[in-house]
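Q: Sequence:
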Amino acid sequence: MSQAYFDDWPFIWNNFSAHDYTTYYAEDLPKYNLFSYLSNGFKGKPVDHYFRPFWLKVHENLVYRRSTPLCFGNKPSYVHQLYYLESFIKAYKNKAPIFAFNWLTEIGHDWSHQVGVADHDIAEFFKKMREDLKDSYVFVFSDHGHRFDPVRQTVIGRLEERLPFFSVHVPEKEVAKNPELKEILKIKPLLTTPTMAIVYFNTYLTTELVKTLTSQKSNASVNKRYRWTSKLQKLP
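In this note's numbering, the protein residues as written are 13 to 248.
You may find that some hints are simply not true.
[Claimed, not checked] Below, computed lysine to aspartate or glutamate pairings styled on EDC-like, alpha-carbon distance capped at 20 Å:
1. Lys57 to Asp20
2. Lys43 to Asp32
3. Lys146 to Glu186
4. Lys87 to Glu136
5. Lys185 to Glu136
6. Lys146 to Asp122
7. Lys105 to Asp32
8. Lys87 to Glu72
9. Lys105 to Glu186
10. Lys146 to Glu72
11. Lys107 to Asp32
Derived by calculation from the structure, the hints in this document are not laboratory data.
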C-alpha cells in the first residue's frame, strides 16, 4: 500500500481551478476509488465539491446495508450521484465556469452485464440536462473493459477490455467558430491502427485545449509541451 498522498499532484482539475473554474469530483464505491484503493488518497479536499464523504457515510449506514445490491434505499446508488452532478451543474449555470469529473464504478465493477441496468437513467439524465450542457464540452467514456468477466474469453470481450467507449460533445458555438472540428471528430475514431492510436494522453491534452479555448488564449503553449495531439486537433 502506498503511504503517499495525492494532494500535490498536478491533476487536470487544478489547471481549471487556476483559471477560476469551480471544480467537482465524484466517484462511487469508495473502497475501490481511483485514488484510495491501496493508497491514502487525499489529505484535504482536492476539488470544490467532493462527493467521497457522502459515500463513506452511506456505506456505513444501516439502510445501505439492508438495501438491494447496487441500491441505497429505494434508488440505485448511481442515481444519487447523478442527482448530485445535476445539482452542481444547475447551481453554477450562468454564474461560473465548471469542471466536473464524475465516475460510476459500482454498476459495472463485478459483472459487465449490469451496466445496461443504468442505460435508461443515464439517457434520461442527458435528455434532462441537454439545455444546461449545450455550451459545455462533455466527455463520456470508460477507462477499460471488464478484467475478469467470462466475456473476456470472446473476441468482443477482448476488444472491449482494451478499447473502451469514448464520446465527446463539442458546443455548437465552437463548431461554428471552427467548422473543421466536426471533420476531425469524424476521422479520429478511425485512427486506431498498428502505427497510430488514440489513447488517454490525447484525452488529457484535449481537456488542456478546452481550458485554453475557453480562456481565449493561444494553444501554442499546449502544443509545445506534448508530443501528441488533442482529439480536437488535426494530426501532424
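Q: Each of the hints needs a verdict: does it hold here or not?
A: The hints, checked one at a time:
With a CA separation close to 12 Å, the supplied pair Lys57 and Asp20 stays within the 20 Å bound. Distance check on the hinted pair: Lys43 and Asp32 sit about 31 Å apart at the alpha-carbon level, beyond 20 Å; violated. The hinted pair formed by Lys146 and Glu186 meets the criterion: a straight-line CA distance of about 11 Å does not exceed 20 Å. Restraint check: the Cα-Cα separation between Lys87 and Glu136 comes to about 15 Å, which is no more than 20 Å; the hinted pair holds.
With a C-alpha separation of about 24 Å, the suggested pairing of Lys185 with Glu136 is violated against the 20 Å cut-off. Simply put, Lys146 and Asp122 have alpha-carbon atoms about 34 Å apart, too far for the 20 Å limit, and the pair is violated. Taking the CA atoms of Lys105 and Asp32, the gap is near 14 Å; set against the 20 Å cutoff, the hint holds. With a C-alpha separation of about 17 Å, the suggested pairing of Lys87 with Glu72 holds against the 20 Å cut-off.
Restraint check: the Cα-Cα separation between Lys105 and Glu186 comes to about 18 Å, which is no more than 20 Å; the hinted pair holds. At roughly 38 Å between alpha-carbon atoms, Lys146 and Glu72 are farther apart than 20 Å, so this suggested pair is violated. This hinted pair checks out: Lys107 and Asp32 have alpha carbons roughly 11 Å apart, not beyond 20 Å.
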